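Enquirer: This is what each chain is made of:
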Amino acid sequence: MAEKRRSGVAAILSDSKPAKPDTDEEFLSQLGVGVLLRGALLKLVEARSEDPIGFLADHFSNLASESENGAAGCGDGEKDKATQEQRLARALWHLKLAHHSQRSAFNNNVRIAYELLMQGGPRRGGGGGVRGRIYTEMLRSLCCEGEVSESTAAPLLRRIQCHDHEAVPFELFRQGVLTCVVFSDYVRTSRSLYIVVRPSPEAQAQRALCQAVLGALRDALDTSQCADSARYLEASAKIAPCRLAKAMASAYKPRGGLGGSVMDPKEFEGAAAALFIARVRVLS
Amino acid sequence: MSDNVVVCIVKPAVALQLGDAKTDTSRPGVSVIDVTFPQCQAVKVQEISFKNYYTAFLKVRLLRRNPSNKEGASKWVTCLRSHRLMPNPHTEGGSQDYFSIYRQQMLIEPDDVTSIRFILQQPSSTWLNFTLEDIKIHQCVSEDSERDIPPWFSHLTPVDQPPNLHGLPDPQTVSSSIQQMWALTEVMQTHQTAAPIGRFDVDGCYDVNLLSYT
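One line per chain: the protein sequences are A and B, in this order. Sequential numbering of the first sequence, starting at 1, is according to the working numbering. Sequential numbering of the second sequence, starting at 1, is according to the working numbering.
The shape of chain A in the complex, shown without the other chains:
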């Protein structure tokens, strides 16, 4: 593609070239297809999707609907709702492209999603921001995509969601989105932790063991607010394998098969989520 563009430019400058490639290359460069394809390939590389055809199909259909909506004005209520849902879906698609640990790619995608959502009703939305209702919908969908159940996500959403009429500035939008994706990762990790703690796939984990493990996490999270490096050292000392082994050995009841109480996965997930949500700042 690169050498085609180069020779295409050369063809424009010089007259003596065979007839067929000349028209083709001129045609392509006039339409700016090179730029389109390059953008698509860059996005694909950033996302590293396993289904490149599906990804490219989504990407081009998004572009198509964006240009379509740009041309059309503000229609009636029904059409508006449909376009809003479309925008939401497209914003979600952008946000899923990069994991939150890929800091700069993730931030770029958040910016794109924010601008996309800002387009919906610039006259009705509050000064400078995404509408509260759309923001809350966005967060709810993110939690859903991250396989977090409604009941687990509900307390988190209560803390960070916005009223319908409020306008959400970019900083808050980014923070909310980051909190939701990090929360999904957190819940996923807590599920795998439960799988490790339970004795076998059929049985449930002992309540005492679960409480010992979650207690260690709570201790580490509650580490005193001193200088960062000291805090990390102290927290990591609290969740070191030897400390955990000691805590679990003292909590374990070998004859807990019949008499000892168990904790089901839902309760464990809820308790772990509560530790996270307690540290999320309430929006005001």
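Treat the hints as calculated values from the structure; they're not laboratory data. The structure presented is a predicted model; accordingly, all values stated were derived computationally and were not measured. Among the hints, a few may not be true.
As the list claims (entries may be wrong) - Simulated restraints, written as ranges between beta carbons of each label pair:
(1) A:S250 to B:N4: 44 to 50 Å
(2) A:S192 to B:A195: 32 to 38 Å
(3) A:I112 to B:V141: 55 to 61 Å
Claimed, not checked - Pulled a few chain A residues facing chain B out of the computed Cβ check, cut under 10 Å:
(4) E234
(5) I239
(6) R279
(7) R281
Even glycine gets a Cβ: it sits at the ideal position worked out from N, Cα and C.
Mind docking chain B on chain A? Use the hints.
Expert: Just chain B, lined up with the frame of chain A:
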């Protein structure tokens, strides 16, 4: 280093007198500064620091209390012999420098010191006035650094007997999962902004004039 400076009384410099004080008013180029401590306390000296003013050579003597017999007579001992402060007494080099003399440089251990005598020498006729300024005596810091160690330090040494892990989940896997969860919570907490959404703002402020009497 400045928090262990001992309060000391520095007496003004006394020039060496040869012959009769009234008839011979020569400048001998030797003077003496005495430093004592209030309430006759005995000090364990860590460091002596001062600012030079055109002194070429320095000799330091200490008055030490007799260590074996506290009531016995004190002795004057030399702790620094002819220490050169200026490489060339006629020129400016080192004439106004800051100097520090540490305990390791001294000939004897400066413990139980009640008085310090500085003997200043300036053989050059170029510099008529010479002295030491800003003399500070630093004493040894006591060894009580143990109070700075946080309590969780003592938990770092591994247990002698590893606990019986029969039937328990693998601590390494559990630990790594908990570490991931801790790190995710940290990420969330560090990215929290204090930016408010202004939910309770009335046009950005509470204006008393918005209230009405009726």
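Enquirer: Does A:E234 pass the interface hint, meaning its C-beta sits closer than 10 Å to a C-beta of chain B?
Expert: At 5 Å from the nearest chain B Cβ, A:E234 passes the 10 Å test, so the hint holds.
Enquirer: Mind checking the CB of A:I239 against every CB in chain B and telling me if the closest is under 10 Å?
Expert: holds (5 Å)
Enquirer: A:I112 and B:V141, beta-carbon distance inside 55 to 61 Å?
Expert: Check passed, 59 Å falls within 55 to 61 Å.
Enquirer: For the range 32 to 38 Å, tell me whether the beta carbons of A:S192 and B:A195 fit it or not.
Expert: Since A:S192 and B:A195 have Cβ atoms about 34 Å apart, the given range 32 to 38 Å holds.
Enquirer: Holds or violated: A:R281 as interface residue toward chain B, Cβ cutoff 10 Å?
Expert: holds (5 Å)
Enquirer: Return the status of the interface hint for A:R279: holds when the least beta-carbon distance to chain B is below 10 Å, violated otherwise.
Expert: Because about 6 Å separates A:R279 from the closest Cβ in chain B, which is inside the 10 Å limit, the hint holds.
Enquirer: Taking 44 to 50 Å as the stated bounds, is the beta-carbon spacing between A:S250 and B:N4 within them?
Expert: Holds, at about 46 Å.
In this structure, every one of the numbered hints holds.
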